[in-house]
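Protein chains in written order, with numbering that gives the first Met the number 0: chain B, 0 to 317; chain A, 0 to 567; chain U, 0 to 297.
Hints were generated in silico from the structure; no laboratory data involved.
Hints should not be assumed to be uniformly reliable.
As the list claims (entries may be wrong) - Here are the computed lysine-lysine pairs in the BS3-like style, where the Cα-Cα straight-line distance is at most 25 Å: (1) A:176 - A:187; (2) B:174 - A:91; (3) B:265 - A:525; (4) A:91 - U:107; (5) A:291 - B:294; (6) B:174 - A:291; (7) B:294 - U:107; (8) A:434 - U:107; (9) B:265 - A:187; (10) A:187 - A:227.
Please read these numbers as outputs of a predicted model, since none were measured by experiment.
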Amino acid sequence: MAQMSTRTEDVLLTKNSNVVVRFIRQWDIQLMVWPALVLIFIFSYLPMYGIITAFKEYNVLVGMNASPWVGLQHFRDFFNSPDFNRIMRNTIVISSLKLLIGFPAPIFLALMLNEVKNRYFKNFVQSITYLPFFISWVIVTGLVISMLSVDNGSINIALERVGAIDGPLNWLSIKEYFWAILITTNVWKDIGFNSIVFIAAIAGVDPHLYEAAEMDGAGRIKRIFLITLPGIMPVVVIFLVLAIGNLLNAGFEDILLLSKNPILWKVSDVIDTYVYRNGIENMRYSFATAIGLFKAVINVVLLVLANRLARRWGSSLW
Amino acid sequence: MSKIKKAWLGSAAGALVLATVLAGCAGGSKNNNAQGSASASPAPSAAATGSGSASAPAGTGWEFGSEPLTVSLYGHYDWYAAPPWGEDESSKWIRDNKKLTMNFIPSANNSKQKLTTMMSTKELPDVIWLDRGSAEYEMLRKGGMLVALDEYMEKYPNLRTYLMKETANLLRAEDGKLYQFPNWYTNKDKPIGNAGYVVNKKIYEELGSPKLETTDDLYNYLKSVKEKYGNAIVPFEPDQTIDGQGLDVLYSAFGEGALNRWVGNRSYPQGDKLTSIFKDPVYRESMQYAAKLFREGLMSQDAMTQTRDQIKEKILNGKVAVYACSNPTEFAPEGHEKLKEKDPNAGYFMIKPIAKPGLDRSKIYPGTYATLGWNVAVITKSAKDPEKVFAMLDWMTGPEGTSVLHWGPPGKYWEGVQADGITPVFKDTYWQDSKGLAELQTTTGQLQWVGNTVFQDKVKAQYEDTLPDDKRSWQLKYQYQITWPSSADATEYANLMPAKNSDAGIAQTAVEDIYKESRAAALYAKSDDEVIKIMDQADSDAMAVGYQKFLDYQTERWQRNLKIMKGE
Amino acid sequence: MNRLSLGDRSFTIFIYTALALLAFSCFYPFWNALVISLNTGSDTSLGGVTFWPRDFTWENYRIIFKNDNLLGAFGISVARTVLGTLTSIFATSLLAYGMTVPGLMGRKYYMVFFVVTMYFGGGLIPTFILINNLHLMDKFLVYIIPSMINVWNMIIFRTFFKGLPDGLQEAAKIDGCGPWQTYFRIVLPLSGPVLATLSLFTAIYHWNEWFYAAIYIQTDALRPIQAVLRQILYSNIVSQNVSNLDAGSVAAMARMQQVTSKSLSNAIMMVATIPIILVYPFLQRFFVKGVLVGSLKE
Chain B
0 MAQMSTRTED VLLTKNSNVV VRFIRQWDIQ LMVWPALVLI FIFSYLPMYG IITAFKEYNV
60 LVGMNASPWV GLQHFRDFFN SPDFNRIMRN TIVISSLKLL IGFPAPIFLA LMLNEVKNRY
120 FKNFVQSITY LPFFISWVIV TGLVISMLSV DNGSINIALE RVGAIDGPLN WLSIKEYFWA
180 ILITTNVWKD IGFNSIVFIA AIAGVDPHLY EAAEMDGAGR IKRIFLITLP GIMPVVVIFL
240 VLAIGNLLNA GFEDILLLSK NPILWKVSDV IDTYVYRNGI ENMRYSFATA IGLFKAVINV
300 VLLVLANRLA RRWGSSLW
Chain A
0 MSKIKKAWLG SAAGALVLAT VLAGCAGGSK NNNAQGSASA SPAPSAAATG SGSASAPAGT
60 GWEFGSEPLT VSLYGHYDWY AAPPWGEDES SKWIRDNKKL TMNFIPSANN SKQKLTTMMS
120 TKELPDVIWL DRGSAEYEML RKGGMLVALD EYMEKYPNLR TYLMKETANL LRAEDGKLYQ
180 FPNWYTNKDK PIGNAGYVVN KKIYEELGSP KLETTDDLYN YLKSVKEKYG NAIVPFEPDQ
240 TIDGQGLDVL YSAFGEGALN RWVGNRSYPQ GDKLTSIFKD PVYRESMQYA AKLFREGLMS
300 QDAMTQTRDQ IKEKILNGKV AVYACSNPTE FAPEGHEKLK EKDPNAGYFM IKPIAKPGLD
360 RSKIYPGTYA TLGWNVAVIT KSAKDPEKVF AMLDWMTGPE GTSVLHWGPP GKYWEGVQAD
420 GITPVFKDTY WQDSKGLAEL QTTTGQLQWV GNTVFQDKVK AQYEDTLPDD KRSWQLKYQY
480 QITWPSSADA TEYANLMPAK NSDAGIAQTA VEDIYKESRA AALYAKSDDE VIKIMDQADS
540 DAMAVGYQKF LDYQTERWQR NLKIMKGE
Chain U
0 MNRLSLGDRS FTIFIYTALA LLAFSCFYPF WNALVISLNT GSDTSLGGVT FWPRDFTWEN
60 YRIIFKNDNL LGAFGISVAR TVLGTLTSIF ATSLLAYGMT VPGLMGRKYY MVFFVVTMYF
120 GGGLIPTFIL INNLHLMDKF LVYIIPSMIN VWNMIIFRTF FKGLPDGLQE AAKIDGCGPW
180 QTYFRIVLPL SGPVLATLSL FTAIYHWNEW FYAAIYIQTD ALRPIQAVLR QILYSNIVSQ
240 NVSNLDAGSV AAMARMQQVT SKSLSNAIMM VATIPIILVY PFLQRFFVKG VLVGSLKE
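Work out the full structure, taking the sequences as your base and the hints as a guide.
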């Protein structure tokens, strides 16, 4: 009880009051935060000196300090690379498509599931749709490749039968289709898993609101827009902000495995596949670090901008 | 990341291993930083001082097996997972009789990071097994972490005997010392390789067994296949063309003495220089031919995208008429058996290399090999007693080690040795229980870090020569008849790849992308002219990213190889 | 039912059809992988194995389960998943709640401090040296401690906690609850859905994670199941490739080989994922709409 009264005082204290005293008085709240601050400091901040390798020509055997400085050389190499423009374009396009289509899809699924009255059917569908998340990309892409195969691929057979195409198409060799195939596969794989958090959010919506809306004569679709969506909006907005702050991570394994045909590289090569070929495979540790740093900086800028927009809807990361 | 590797395993590792031969990653690179190498040149004697080796009398080495030895080994490959030591018959015998314990450090499918972390704390295993001349090897060597082997090589008999002098010289670092203990090295009179054309017997006979000698014959044959069977049969299956494969085999058909090693190197010789592959008339013509096959539906339309599983399925079900790649003997024998089960007259056979009309077929080489073998083992300075570690490797590459690791411990498949004192005497179980032997070899194959092709193949050939044809496998038969005789020695073109973190290496990575894209684009080209246009464009694009630097490096290495091989 | 309008009814039909189709498309690949894992590899490579095994075998699973380490590794994985999830969810949710308590000094700075780590890291080598210096190398705790605070989860928790009815905290205050009591007695019991969701995410992460084992663990007995399964897979796949070196053995091998990399990798995927997939149905009761909030309000 004594604590309680001090807390009330806190609120009443003026800005001039001693910060240290205020801080000590709320030790019980701070104690919730500080252990995490210490852990994060140790495991995330202490190793951060590694970022300087982006400005050095790091040789593991020579060590961090003795490796020579090269300044912005690695960044210049990356920006001046003849592939730079297409890599950035592909990264942004693929990421944006994943965001535009892949982000709303699980919300849509969660909303649909919420409209299902039969609990068993609902639980069944939920449990099934999250299975693809656990199938490795190698197996998923293997299935996609064989489905789209010229030689007896089921998609070609089906389309031929309904007369949509004259002869089998070599889907994975045609640039124009690549993004669509990639995004579809991604949405399919992650939709169930990603919907879980929205299902959880919907579960938190006060059921009384639905009753009230129903009494007012709102139909089902209207209720979704009036009650459910506003109810989960804070979660949606935060996820959207985080997703925008992830824009330069367009994916890696899915792209690498689906774009085995070099004819597609003009539309498929993204930052991560580029770093993999030019940095990691070649033991160019500093180069890979530099591009990672570049990505992080851009992502943070995007995050800050997105968060500024989000604040207008009343949500904010900080 | 992990899974990608797995997907590539079928092709990458398979191709790597068997095309020991073709494996491109080669060459103790010459870094621009000459100082680095000078300052870092390791002193083997210093490493040996204070260790057991000092006690060994000069001239004679430590006898492997005379006292217990524990060696740690790290295989620097994502896919490498050593079988538990002592659980198969061979390693059990070595453990019990030679008192050797191996500690394997797993790469856990994460080899690059694993090695990097070990290097960061300088706690290295005794032996690292890795690609010849790779960036990692260069880094370790320049960092002074490796033990030179020359001194030990004098003291121990086997590597000295079986490794040709010139091959050893090719493996030497620029400081003149030998750090790399090669794996599956061979010598000149022993060509190896599996590349060539496999033909579906039933289809061939149904079409009247036409002559298949020239590229025109092949084209006409593929056309008649298409006419008769439509989409049910793939006329020409080139395997996964992203790795060259069937396209590289076709390349060899358009030039006498044209080596697909050149395609692999992305450069071909003109005078005493290596020059742009995009300007190579043989390469251009072969790509026009390939594009024609592709355009007219005579080649698998999935050639660029298909998985290994899809290819295997086609071969096993007899759905291809002609199958060509660097290693058709991987799937074809199984397909041959499967087809024969259903119809005794069906199956697969191999044909002698195809040539462009007017060329001499005996000078066409669909496959190449190099005496350097596949990869190497290096001994690090973390080894407490590098000489003993060398003694172990030397034993493994010697007759006894090779016999035990390849044909099991004495008593089961072989017993005793012939008059020469080294060649094992095989028992009938060798071919009676070929299943059991094969099973053993799948395990011990992963324990052969310093395989000796010279000895092993000689012994095997000696024995298998005495076998009647029906006891020879499909594969062996065609290796004897076709693939080995049509495999060319490309040792002088081996070791031409720069370390990937050097300037020439960085250019190489960029050229590689251009090369692959252009080859795919050429395959999809609508006309012969378009193929040429794509090649010209690729050439200028590649030059813009430093192709010339890469070519200069290769030329220099090639000339160095030639000098070494001439014994200069 | 009669009261349903035509629009409502077609809406229902649409939803059920769409969900059923989606469910089927998600189920089939998984089922097919299961079928392939129960079919001999050599038969699978002939193609056409779809809904039912054609040449049934346990061989793929036999190879996996003959590994002695598997049971121990399973134990390590379970221990790691349970402990790792409990500690991480507790620590992270406590942090997240602390960050929502009104009047917390320095909140904005703390948040920036945390968010920065989502984007900037030192990379593998400095982290490795740190773990080495902390003597966490080759210790079970390396699975638990470094990943205890998950900033992303913290943000989600915080968003959900903020969505709790405002009146609750006030009521708690009036009842004389300090922040810790509020957290334990009010916030946690009301957060069933988000706790279930993030526990699931964290558990899946711990179950699937193998990188720590690859880099920081040397002792076989401490390796989790994912690491062991990877080793089984790679040692078996590679054997096919290494054996290529020997001219004579391949044909013989191909005949005897019931197991291929494809059949084996599918079986391994099953062994690796089925235990963690089974967690979800048990968590579903936490997703029932508004039960907890509703009951408390009345």
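Quiz item: Of the hints given before, which are not true for this structure?
Solution: 2, 4, 5, 8, 9 and 10
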